[in-house]
Amino acid sequence: MSDRVSETVTMPMRFGSNSGQSVTRRDGIAKVTGRATYAADNHPDGMLYAVYVPATIARGRVTHLDTAAAKAHPGVVEVFTPKNRPPVVGDPDKKPFMFAIPIEVLQDDTVRYAMQPIALVIGETLEAATEGARLLKPQYEVEPARTGFDAEPAKRAAAGPFGRPAEVVHGDTEAGLSQAKQTLDVTYDTPAQYHNAMEPHAIVAKWDGDKLEIDTPNQAIVLSRGFYAFYFGIPADNILIRSPYLGGGFGSKAVPYSPLVLAIAAARKLDRPVKLVLTRAQMFGPVGHRGATRQRLRIGIDGEAQMTALDHVSTAIVDSFDSSFPEPAANASQGLYNASSLHSLMMVVHNDIGVPGAMRAPGEASGSAALECAIDEMAEKAGMDPLEFRLKNYADVEPGTGKPYSSKALRECYAEGAKRFGWAGRPLAPRQMVDDKGFLTGWGMGTALFGAPMFAAQARAVLRPDGTGLVETAAADMGQGAWTALAQIAADSLGLPLDKVEFRSGSSDLPDGGVAGGSGHTATAGGALHAAGTDAIRRLGELAAADPQSPLFGTGNQGFVARDGRLYAARDESRSEAYADIIARAGGQEIEGKGSAARPPEDAARHAMYSHGAVFAEVKIDPVLFQMRVTRLVGAFAAGRIINPKLAESQLMGGMIWGISFALHEEARFDKRTGRIMNTDLAGYHIPVNADVQGLEVITVHEDDPYVNPLGIKGVGEIGVTGTVGAIGNAIWHATGRRIRHFPIRIEDLLA
Amino acid sequence: MKRFDYVRPLSVADALAAYTPGAAYLGGGTNLLDLMKIGVMQPDTLIDLGRIAELDAIEMLPGGGARIGALVKNSDLAHDRAFAAAFPMVAEAILAGASGQLRNAATIGGNLMQKTRCTYFQDPHSPCNRREPGSGCAAREGDNANLAVLGWSDACIATNPSDMCVPLAALGAIVEVQGPGGRRDIQIASFHFLPGDQPENETALQPGELVIAIRLPAEAAAFAKNARYLKVRERTSFAFALVSVAAALQIEGGRITAARLALGAVAAKPWRVTAAEELLAGQSPTQEVFARAADALLEGAKPSGENGYKIELARRAVVRALQMSAAGTPKRMPALPASSFAEEASHV
Chain A
2 MSDRVSETVT MPMRFGSNSG QSVTRRDGIA KVTGRATYAA DNHPDGMLYA VYVPATIARG
62 RVTHLDTAAA KAHPGVVEVF TPKNRPPVVG DPDKKPFMFA IPIEVLQDDT VRYAMQPIAL
122 VIGETLEAAT EGARLLKPQY EVEPARTGFD AEPAKRAAAG PFGRPAEVVH GDTEAGLSQA
182 KQTLDVTYDT PAQYHNAMEP HAIVAKWDGD KLEIDTPNQA IVLSRGFYAF YFGIPADNIL
242 IRSPYLGGGF GSKAVPYSPL VLAIAAARKL DRPVKLVLTR AQMFGPVGHR GATRQRLRIG
302 IDGEAQMTAL DHVSTAIVDS FDSSFPEPAA NASQGLYNAS SLHSLMMVVH NDIGVPGAMR
362 APGEASGSAA LECAIDEMAE KAGMDPLEFR LKNYADVEPG TGKPYSSKAL RECYAEGAKR
422 FGWAGRPLAP RQMVDDKGFL TGWGMGTALF GAPMFAAQAR AVLRPDGTGL VETAAADMGQ
482 GAWTALAQIA ADSLGLPLDK VEFRSGSSDL PDGGVAGGSG HTATAGGALH AAGTDAIRRL
542 GELAAADPQS PLFGTGNQGF VARDGRLYAA RDESRSEAYA DIIARAGGQE IEGKGSAARP
602 PEDAARHAMY SHGAVFAEVK IDPVLFQMRV TRLVGAFAAG RIINPKLAES QLMGGMIWGI
662 SFALHEEARF DKRTGRIMNT DLAGYHIPVN ADVQGLEVIT VHEDDPYVNP LGIKGVGEIG
722 VTGTVGAIGN AIWHATGRRI RHFPIRIEDL LA
Chain B
33 MKRFDYVRPL SVADALAAYT PGAAYLGGGT NLLDLMKIGV MQPDTLIDLG RIAELDAIEM
93 LPGGGARIGA LVKNSDLAHD RAFAAAFPMV AEAILAGASG QLRNAATIGG NLMQKTRCTY
153 FQDPHSPCNR REPGSGCAAR EGDNANLAVL GWSDACIATN PSDMCVPLAA LGAIVEVQGP
213 GGRRDIQIAS FHFLPGDQPE NETALQPGEL VIAIRLPAEA AAFAKNARYL KVRERTSFAF
273 ALVSVAAALQ IEGGRITAAR LALGAVAAKP WRVTAAEELL AGQSPTQEVF ARAADALLEG
333 AKPSGENGYK IELARRAVVR ALQMSAAGTP KRMPALPASS FAEEASHV
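Quick mapping for you: the protein sequence lines, in order, are chains A and B. Okay, so the first sequence: first residue is 2 according to our numbering, each after it adds one. Okay, so the second sequence: first residue is 33 according to our numbering, each after it adds one.
For the record, the hints were derived by calculation from the structure and aren't laboratory data. You may find that some hints are simply not true.
Straight-line C-alpha distance at most 27 angstroms; calculated BS3-like pairs for lysine-lysine [claimed, not checked]: (1) A:Lys-673 x B:Lys-147; (2) A:Lys-438 x B:Lys-147; (3) A:Lys-673 x B:Lys-334; (4) A:Lys-72 x A:Lys-84; (5) A:Lys-438 x A:Lys-32.
Per the computed footprint, the stretches of chain A lying under chain B, defined by three or more beta-carbons under 8 angstroms from a beta-carbon of chain B, are [as the list claims (entries may be wrong)]: (6) 129 to 143; (7) 462 to 474; (8) 665 to 671; (9) 689 to 700.
Think of the CB as a built atom: it goes at the ideal place given N, C-alpha and C, for glycine as much as any other residue.
Model the full assembly from the supplied sequences, consistent with the hints where possible.
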């Protein structure tokens, strides 16, 4: 540490003792004691309750609503329908920004999907509004619902999500396949999945003239302000969004959805605060989901088991009126294996369904599930251990583009994960392992991959006269612990212990902390906080260096080290002074630093940037009843610099548990006649319970990445889902000899 | 939510007096309140039984039987040492159901009165003969993968979701009910109805009648040494069964002298066929014998939709449950009750 400091002439990048520690999350006690205030906990004076009426058909028109009956119910204040809809200024069918979707705010009587809002009932109590909604008894002109992959022939997608192309071609996969010694051609299906964050979408909206205050869980607070400004024709600065706590987001709380906009419109029209909280069932429609996919993978290998072609075509079910989010599953085959030709293509089939959107590891989760199983099948054909096959096709530069990776410790992940799991000696053939209780036992693996993006953010850091710090950025803590990790970064940048820094976040009047999404929040908001703190320290140094009474007088040209509330001359640590003393002599005014962060496009163009990992799974399966359990999961991940190991490992574990969920449990079950989802509660929409999660181990492999961002941070939020699903599917094959080419894998599949 | 009156009587007599057509008795509320919230049940009056002390007792009867008050909590019964020792598969079935929190709230009487979990029954916007007589059965051509394969009709293919009722049926429990006409006993086999062409008639209860207690006959305790409940499901815990089996044997000198057997999650009531039990009596406890009993129990099974797999799964589960039962009731309740993974060592 002192060596590094002595060589530094400009402001040193100093990573003090806060980062790298498993600090316990700052909001944990507030949450478990009920003191954390979630959006729905707010009750401003005069507040009314809104309940939206969901369409119970998937396609058609609303022909009648019994508004008289609803209005006659005691406590019902207003019933909004297309005939008296509360005004929304911005065109709801437009997409004001990237990621925005067309919304249904009673602009007409059309039903585009089941659970779409078709009316909004306002009551003095939740009970009154709920009963008013029930009394509306909608009647419809029903058109046949388009449901499933057979609804229409698949068409080529116009474009992929996130501004990515629908098709990526590197080389000629058809030629690669025809020249291959062995080929594989398999199709895997994945179902529609719904985020189902523990906290449902909720909003409390309060107007004061043209000023709007909203409490709502939100992953992109400042960005969302712009959306609401568009819909309500007011300047973004007139809007205050508070989102101090989120009970999970998983991608579904980044953009405004129809019911939320309707509640705000109702509050404006009625000039009273309005609260709307979605029911669990209402979360299966207007608030996004992971679209179902059908993925065809074709792989060719030469005589050395080297891939000559990797061709991945994913067909995604999308809605019928926007279609901007074909689940980008085929993307998963870009960037990972060293195939001499690569092709990925997104196709779509339109259904009468709500608009799909980003859900934890969008594209990669579904795509990796199919890809990693296909890789396992190809390894089987080649007669190779699946790990050996992956190493054989290891990419040292990004396949197709030839770009170097900014860092890639995937080999180390493979090695450490395999060692910890005990992979060596695994029989190649399936159905070879039976445990002492007679359970079929199988081992499978998958590679985990997720991009390491960075977005734009700003932050403010203040050194107070008493030597403590204040930092601000509108970041979002979705439960992942962002506030804790970000505070650690901020404290380091200010050279202060964590408890001497006040961290303000979760409110849109703070500097834009960017989107908590894409696994880029720590890098992005953290980068801005680091820059802001650095700026504040630089200003403090300037004051000290110019002050003849300071021990640091005249040391400005050598830079400073900030540590534990004291500023040290970089080349002579015997010269130092406490922040409070410097500030006091300078007049006692607080010192403000500002910072921003974004990845320069040229950096992004130069390197391929990903987090990597390897997941190993053991399953045990009853040989007669075929009940399955994932008895062990070991994941080794390389994700750049880890700010808080405890939180990062929790994130990775959570992702891996989601992998169990994807592999064995989660699925929206549609009635194919009506297009309605029939399991719209957590009794029917299964996710793993504790008894489904047995051995679960996470290893983080250290990575120094000088290119992703100045802090060397990648992301850990989503990668845990990838790799895991395939590892479990492959373990089930290894246990049973059965390739089940859809998820979730059920008892029925193995019994057949 | 529809407005309703709420009364909280302190005695059975007061509860019965409070009953009017359209009223519903409330036990733990773990099913009824959910159904009220989603508009499937809309009682005018809710008669909360929670303060009636006289229905809260577990009595071990002289001679070996037991009488369980209708308001005993599921958890309390499963963890009652004397009861669990005498009727282990009832305790095991209860612990295989729902979650700890729900079992702490749910009552024994309420368990008996559970509504089907057919998603079309639970959806007020779907046709359902059980919920709305004559409206049709949306499940018949719908998402029916976990619905009935035995005893169903064109009018209804719902299943009974209770775990506890399966061993109760196997053991020949008696349901004590009280109503305006006084007290009477109903054999559990006659308590739940198959749908026929009137699926709305779910139980033998007359309007206003209230489940007071469940009795287990003394002879049922004779199976305590070889009695297991097996629940097959997609999730290791907190899920309704695909199929479940209560299997109890009396074994003397290597031969089965008596057997009790019932299937759950395959019909609108627990499925017991005494002919299957009779096949076992006098036989050695072998897989072949068990398989014959399974075939007899499943005689007449046919898919009501995309659920044919449940027939084969049930056949296998019956054999497995009989094997588990023959191996003997475990000394301690397994960490995962009723699971084929019950013997698995925990990773911790």
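Okay, the hints, checked on the actual structure:
1. A:Lys-673 x B:Lys-147: 25 angstroms, holds
2. A:Lys-438 x B:Lys-147: 37 angstroms, violated
3. A:Lys-673 x B:Lys-334: Measuring from Cα to Cα gives roughly 23 angstroms; hence the hint holds.
4. A:Lys-72 x A:Lys-84: Holds - the C-alpha atoms of Lys-84 of chain A and Lys-72 of chain A are around 14 angstroms apart, at most 27 angstroms.
5. A:Lys-438 x A:Lys-32: 42 angstroms, violated
6. 129 to 143: holds (count 3)
7. 462 to 474: violated (count 0)
8. 665 to 671: This one holds; 4 residues, not fewer than the three required, reach chain B with a Cβ under 8 angstroms.
9. 689 to 700: With 7 residues in contact (Cβ-Cβ under 8 angstroms with chain B), the coverage given for the segment 689 to 700 of chain A holds.
Going down the numbered hints, you'll see the structure goes against 2, 5, 7, while the others check out.
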